[in-house]
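Number of protein chains: 2
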Amino acid sequence: MEIPEMKVREFVDEVASKSPTPGGGAVGATVAALGAALIEMVANLTIGKKGYEDYEAEMERIVAESEYRRKRLLESADDDIKAFDEVMKAFKLPKNTSEEKEERKKVLQESLKKACEVPYELAREISKLCPLAESVSKFGNKNAKSDAESAVALLEAAFSCALANVEINLKSIKDPEFVSSMREAVLELKGKVDKCVANCKQN
Amino acid sequence: MEIPEMKVREFVDEVASKSPTPGGGAVGATVAALGAALIEMVANLTIGKKGYEDYEAEMERIVAESEYRRKRLLESADDDIKAFDEVMKAFKLPKNTSEEKEERKKVLQESLKKACEVPYELAREISKLCPLAESVSKFGNKNAKSDAESAVALLEAAFSCALANVEINLKSIKDPEFVSSMREAVLELKGKVDKCVANCKQN
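Order-wise, the sequence lines are chains A and B.
The numbering of the first sequence is my numbering, which starts it at 10 and goes up by one.
The numbering of the second sequence is my numbering, which starts it at 10 and goes up by one.
Please note that the accuracy of each hint is not assured.
The list treats identical chains as interchangeable, and a pair is accepted whether it falls inside one copy or across any two copies.
Straight line, CA to CA, 20 Å or less: simulated EDC-like cross-link-like pairs of lysine to aspartate or glutamate [stated by the list, open to error]:
| no. | residue 1 | residue 2 |
| --- | --- | --- |
| 1 | Lys137 | Asp88 |
| 2 | Lys199 | Glu126 |
| 3 | Lys80 | Glu197 |
| 4 | Lys104 | Glu65 |
| 5 | Lys101 | Glu111 |
| 6 | Lys16 | Asp88 |
| 7 | Lys27 | Glu76 |
| 8 | Lys154 | Glu23 |
| 9 | Lys115 | Asp94 |
| 10 | Lys154 | Asp94 |
| 11 | Lys151 | Asp94 |
| 12 | Lys58 | Glu111 |
| 13 | Lys16 | Asp87 |
| 14 | Lys115 | Glu95 |
| 15 | Lys16 | Glu84 |
| 16 | Lys27 | Glu62 |
| 17 | Lys123 | Glu111 |
| 18 | Lys123 | Asp87 |
| 19 | Lys151 | Glu176 |
| 20 | Lys183 | Glu14 |
What the hints contain is simulated information worked out from the structure, not anything from laboratory work.
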């Protein structure tokens, strides 16, 4: 069953089980979706409230964008599981002849790159949510301050989950160009997210 | 419907809605349960693995304790909603006569204390999970390193959710003794959690 359709209890049970999936990647995507949902809630609780008239249009925009992003994030929660399964399948390919060995190596490396790209995409999605979190932290309903703070903490954690999953797969990739360009891309995202999180915490 | 029985998609939708509950407190408890589940998974993936024989008993203990704690955490996810509802109910009490005003003030203050105690309990539960996270970070299966790192990030975020919810309720509490003893208790937990998180990140 796909994660969005599982009961919360079932999902937690599945994570805890002996099976390596769903793991940190899938959980990270789900937690990012929860972070986006909290941003949306704070924006919803700001719209129509006295004293917040100046931010009405901005909050309407945030509701629309965070709704779009949380749905995408939740749909992507299973991507990490699929990518991991492909790596496992590649590991099980035969390696009796030199042709088989070569083929196995190629398929494995491709599957590892994909397993890097899935959490990288998650990290990129989270980086796009950060400015929304900053906006609700600054201009959102002060009665929902704890929810805005919670949203920021969840995005930060989900970003850490994503980076940990990029990093663990990078370790097995033999293509130095892929590795260095992925590391550079991740560092760029991390710079953005760290800055945004610091701005949120000033409010 | 209670959170553990909701589908993941429904839960995310509920968080995003105009209603202030479920908010950061309920989400924090759920994310803490997911953190505990990842700890349990890493321990599960360590048991019976070559090279980890020395940690077998420790990992068995961690599986048992994190299972117990994640179930409690998930069961507690709705407590925050109930506590918030009591505060809202108190706000709506009549305040026409001085007796009514006095009674309303009393009930409101009691409900706010309860609304502080629920996230404080969450913070306390998370502080008990931290040593388990430290153990799987140090001694757990290195192939699941990203999952151990994800678990730590989630506990840290859930702890922030809990503290934000304690703090926002403390602001409306007029009993200086309650406020100072709660702040002290929170600071003590924060010291423990911060230290544990720093230790985890060294691995």
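Check: Which hint numbers doesn't this structure obey?
Finding: Checked against the structure, the hints that fail are numbers 3, 4, 12 and 20, while the rest are satisfied.
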